[in-house]
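Asks: So the protein lines, in turn, are chains L and W.
Using this note's numbering, you'd call the opening residue of the first sequence number 1 and step up by one each time.
Using this note's numbering, you'd call the opening residue of the second sequence number 1001 and step up by one each time.
Simulated from the structure, these hints should not be mistaken for laboratory data.
For every residue, glycine included, the Cβ atom is placed at its ideal position computed from N, Cα and C.
Careful: at least some of the hints might be erroneous.
As the list claims (entries may be wrong) - Partner residues aside, some chain L positions facing chain W, computed with beta carbon under 7 angstroms:
{"hint": "1", "residue": "Thr-108"}
{"hint": "2", "residue": "Gly-185"}
{"hint": "3", "residue": "Lys-225"}
{"hint": "4", "residue": "Asp-229"}
{"hint": "5", "residue": "Ala-232"}
{"hint": "6", "residue": "Thr-236"}
{"hint": "7", "residue": "Asn-241"}
{"hint": "8", "residue": "Ser-324"}
{"hint": "9", "residue": "Ser-392"}
{"hint": "10", "residue": "His-396"}
To be verified - With a straight-line cut-off of 35 angstroms between C-alpha atoms, the simulated DSBU-like cross-links for lysine-lysine are:
{"hint": "11", "chain 1": "L", "residue 1": "Lys-74", "chain 2": "W", "residue 2": "Lys-1284"}
{"hint": "12", "chain 1": "L", "residue 1": "Lys-400", "chain 2": "W", "residue 2": "Lys-1254"}
{"hint": "13", "chain 1": "W", "residue 1": "Lys-1216", "chain 2": "L", "residue 2": "Lys-411"}
{"hint": "14", "chain 1": "W", "residue 1": "Lys-1124", "chain 2": "L", "residue 2": "Lys-417"}
{"hint": "15", "chain 1": "L", "residue 1": "Lys-174", "chain 2": "L", "residue 2": "Lys-225"}
{"hint": "16", "chain 1": "L", "residue 1": "Lys-74", "chain 2": "W", "residue 2": "Lys-1180"}
{"hint": "17", "chain 1": "L", "residue 1": "Lys-46", "chain 2": "W", "residue 2": "Lys-1284"}
{"hint": "18", "chain 1": "L", "residue 1": "Lys-161", "chain 2": "L", "residue 2": "Lys-74"}
{"hint": "19", "chain 1": "W", "residue 1": "Lys-1254", "chain 2": "L", "residue 2": "Lys-225"}
{"hint": "20", "chain 1": "L", "residue 1": "Lys-400", "chain 2": "W", "residue 2": "Lys-1284"}
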Amino acid sequence: MLRKLLIGTALATSFAFSAHAADVKEVQMLHWWTSGGEAAALNVLKQDLAKEGYAWKDVPVAGGGGDAAMTALKAMVAAGNYPTASQMLGYTVLDYAAAGVMGDLTETAKKEGWDKSVPAALQKFSVYDGKWVAAPVNVHSVNWLWINKAVMDKIGGTEPKTFDDFVALLDKAKAAGVIPLALGGQNWQEATMFDSVVLSTGGPEFYKKAMNDLDEESLKSDTMKKSFDNLAKLVTYVDPNFSGRDWNLATAMVIKGDALVQVMGDWAKGEFHAANKTPGTDFLCYRFPGTDGSVIYNSDMFGMFNVPDDRKAAQVALATATLSKSFQSAFNVVKGSVPARTDVPDTDFDACGKKGIADLKAANEGGKLFGSLAQGYGAPPAVANAYKDVISKFVHGQIKTSDEAVTELVKAIDDAK
Amino acid sequence: MSTVAETQIKLTPEHDARPGATVRSRLQDLLPKIVLAPSFAATIIFVYGFILWTIYLSFTNSKTFPSYDITGARAYQRLWRWTFESDPPSSWYTSITNMGIFGFLYILICLALGLFLAILLDQKIRGEGVLRPIYLYPMALSFIVTGVAWKWFLDPGLGLEQTLHQWGWTSFHFDWIKNKDFVIYTVVIAGVWQASGFIMAMFLAGLRGIDGEIMKAAQIDGATTFQLYRRIVIPLLRPVFLSAFIVLAHLAIKSYDLVVALTSGGPGGSAWLPSNFMYEFTFKRNEMAVGSASAVIMLMTLTAIIVPYLYSELREKPR
């Protein structure tokens, strides 16, 4: 009986297989930019490619978010069914490159001069073993303050230049009865803010050693303890209801004037734009106090897979279009980020965008462009998430003192390495 | 295998005797198996095959992608170490203690509340046809919907607390969902709200199946209502308890989405269940070996609870 069952099984499954035909003039793209502004920004790229005769095909992702997309990508790659390209973040690109499934765009990169125009810090993630494997789409930076101007005027605040200035400003807001700091109590938001706190407390050198090189001495140093103390100080200025709040709701608090300031990456600007607010008149963008001149970045990349030869032309077209100046400008104006190459004119950008572009250029030249640990550009995901755990436990009280926090941080990072 | 085949020949001897009907009878014999085969194969591969695969992976050093070199039980050693890190709590410690709290309270309260509601509804009251679906319908919602609805309801700035403050009861304070020590109990509340109606329906079906003669006999013997339920009805409902327990236990162990929708993991990850831990480590932290090991431990724990219970319950059938 068992044998018959197995024969039946074999019969039934043989029907399930079907032929698969590859299309040459088609770009298969896995991404999770499906919401209004992002989808519109990506449309520019679709049209650019359509002009060259390439059809655009989205790889469907159930659930829509980045996590779901990465799970889908893992399954596709495991099945040997590579998309032309996929939206990817940081170390994911390098993981896939180490697994030997990424393509090689070095020729295109040479021809287009990406070596010179793309910041070296970004090339760490788009070049693997001397070969270009990904095309960076944008550069986000996380060390920003987003301030409601009306509230700022009401309390008579000025741009804070140091951490102490910032605390004084928050005190003013508190005295005026507004929520000083809008924070979403999710681990990545807390850790993103802590990235800036570390840079502000310890300076660029320290940030690089602790958060990118994961140097143990720096991680357990007094400067790191001071950073945790500063974080604890900031957390006293949030409203009691912050835990678990989504980042865009925290931004909405600043937009509505319920809160004075949010520490968030420049994707927050998209929310201000969606609410028809203009930089300078409705809201202000400052660098996190004490971090002027440095940029903590993360970046969206299009990872290019090792597709069969008949699909390579489409891939090259996609990569070229992605890093073309026109697309870089058009896309990033909408997305709130800045172009991934430093030679794109800033004419179409708003004041914050112009500042972002100038800052990126200066930071790149001055060697002060660092990967955000919270956003997965400082260390591989295992370490980055262990870091987020510690920060979040510190913010929410499972870890009580800064002494304990640095011990836990060293332990967690060691464990995850 | 051979004994099974022989029995089947004995069952259909007349068909084989007629030569013209052999093909047809063979087909008839084969058809149910062909129809069953795909689902059988799917279960073998996608459940049992992948269980074995997960066990295998847990002994490798798989990171982002599965790797097939056995490297020993490092993943289990790490989990074992994390099991005892209670201050500050490791994510694994939080997950398993939460599982204990959630599993225990969820199953217990659902059973108690379900039974209580069923007994009340069984009192031949008017409007039962309306009341029953009202209690039952939460089960028709997905955990995600339940989670989001309760998230808003329990949020101090939006839901219950805010409303009561507006109504004038300003000293009212209920912020469990924001509190690292209490957030897991909000998961229990939402879970119980969703499942207790379904358990009620199960008990109600069981109550309706009880022979009225027994009840009458007991009443004639002078049993009070309490005694009636305590000594006769509840013992007779034993098979329903078994079914309800199994339904609830598997709902409890797989409730990943409820935690995500309701708490997004809770303050500092304080609402994690082992399923959250498993997903987080396998897919977000690229520590597939640790994720697999935690999945194996979940499976073993579940087996250790369910198998003896099933055994003790099903053994008594022949008596």
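Asks: So, for every hint listed, does it hold in this structure?
Replies: Going through the hints against the structure:
Violation of the interface hint for Thr-108 of chain L is found here, the shortest Cβ-Cβ separation to chain W being roughly 26 angstroms, above the 7 angstroms cut-off. Contact between Gly-185 of chain L and chain W, as hinted, is supported at the beta carbon level, the nearest pair being about 6 angstroms apart and thus within 7 angstroms. Given hint, Lys-225 of chain L at the interface with chain W, is violated; its Cβ is 16 angstroms from that chain's nearest Cβ, farther than 7 angstroms. Hint status for Asp-229 of chain L relative to chain W: violated, with the closest Cβ pair at about 17 angstroms, above 7 angstroms.
A hinted interface residue such as Ala-232 of chain L counts as satisfied when its beta carbon comes closer than 7 angstroms to some beta carbon of chain W; here the least separation is about 14 angstroms, so the hint is violated. For Thr-236 of chain L, the interface hint is violated, since its Cβ never comes within 7 angstroms of a Cβ in chain W; the closest pair sits about 16 angstroms apart. Among the interface hints, the one on Asn-241 of chain L holds; its C-beta lies about 4 angstroms from the nearest C-beta in chain W, closer than the 7 angstroms criterion. Nearest Cβ of chain W to the Cβ of Ser-324 of chain L: about 31 angstroms, over the 7 angstroms cut. The hint is violated.
Given the 7 angstroms rule on beta carbons, the hint for Ser-392 of chain L holds: about 4 angstroms separates it from the nearest Cβ of chain W. Because the smallest distance between the Cβ of His-396 of chain L and any Cβ of chain W comes to about 4 angstroms, under 7 angstroms, the interface hint for this residue holds. Note on Lys-74 of chain L and Lys-1284 of chain W: the hinted pairing holds, with a Cα-Cα distance of about 12 angstroms set against a maximum of 35 angstroms. Of the pairs offered as hints, the one joining Lys-400 of chain L and Lys-1254 of chain W holds, with about 32 angstroms between alpha carbons and a cut-off of 35 angstroms not exceeded.
A hinted pair counts as satisfied when its Cα atoms are at most 35 angstroms apart, and Lys-1216 of chain W with Lys-411 of chain L does not qualify at roughly 68 angstroms. Our distance criterion of 35 angstroms between C-alpha atoms is broken by Lys-1124 of chain W and Lys-417 of chain L, whose separation comes to about 65 angstroms. Under the criterion of a C-alpha separation no larger than 35 angstroms, the hint pairing Lys-174 of chain L with Lys-225 of chain L is consistent with the structure, at around 26 angstroms. A C-alpha spacing of about 33 angstroms is found between Lys-74 of chain L and Lys-1180 of chain W, which places the hinted pair at or below 35 angstroms, so the restraint holds.
Annotation: proposed proximity of Lys-46 of chain L to Lys-1284 of chain W holds, straight-line Cα distance about 29 angstroms (limit 35 angstroms). For the hint linking Lys-161 of chain L to Lys-74 of chain L, the alpha-carbon distance of about 44 angstroms lies beyond 35 angstroms, and the restraint is violated. Of the supplied pair hints, the one linking Lys-1254 of chain W and Lys-225 of chain L is violated, its CA atoms being roughly 39 angstroms apart against a limit of 35 angstroms. Taking the CA atoms of Lys-400 of chain L and Lys-1284 of chain W, the gap is about 27 angstroms. The hint holds against a cut of 35 angstroms.
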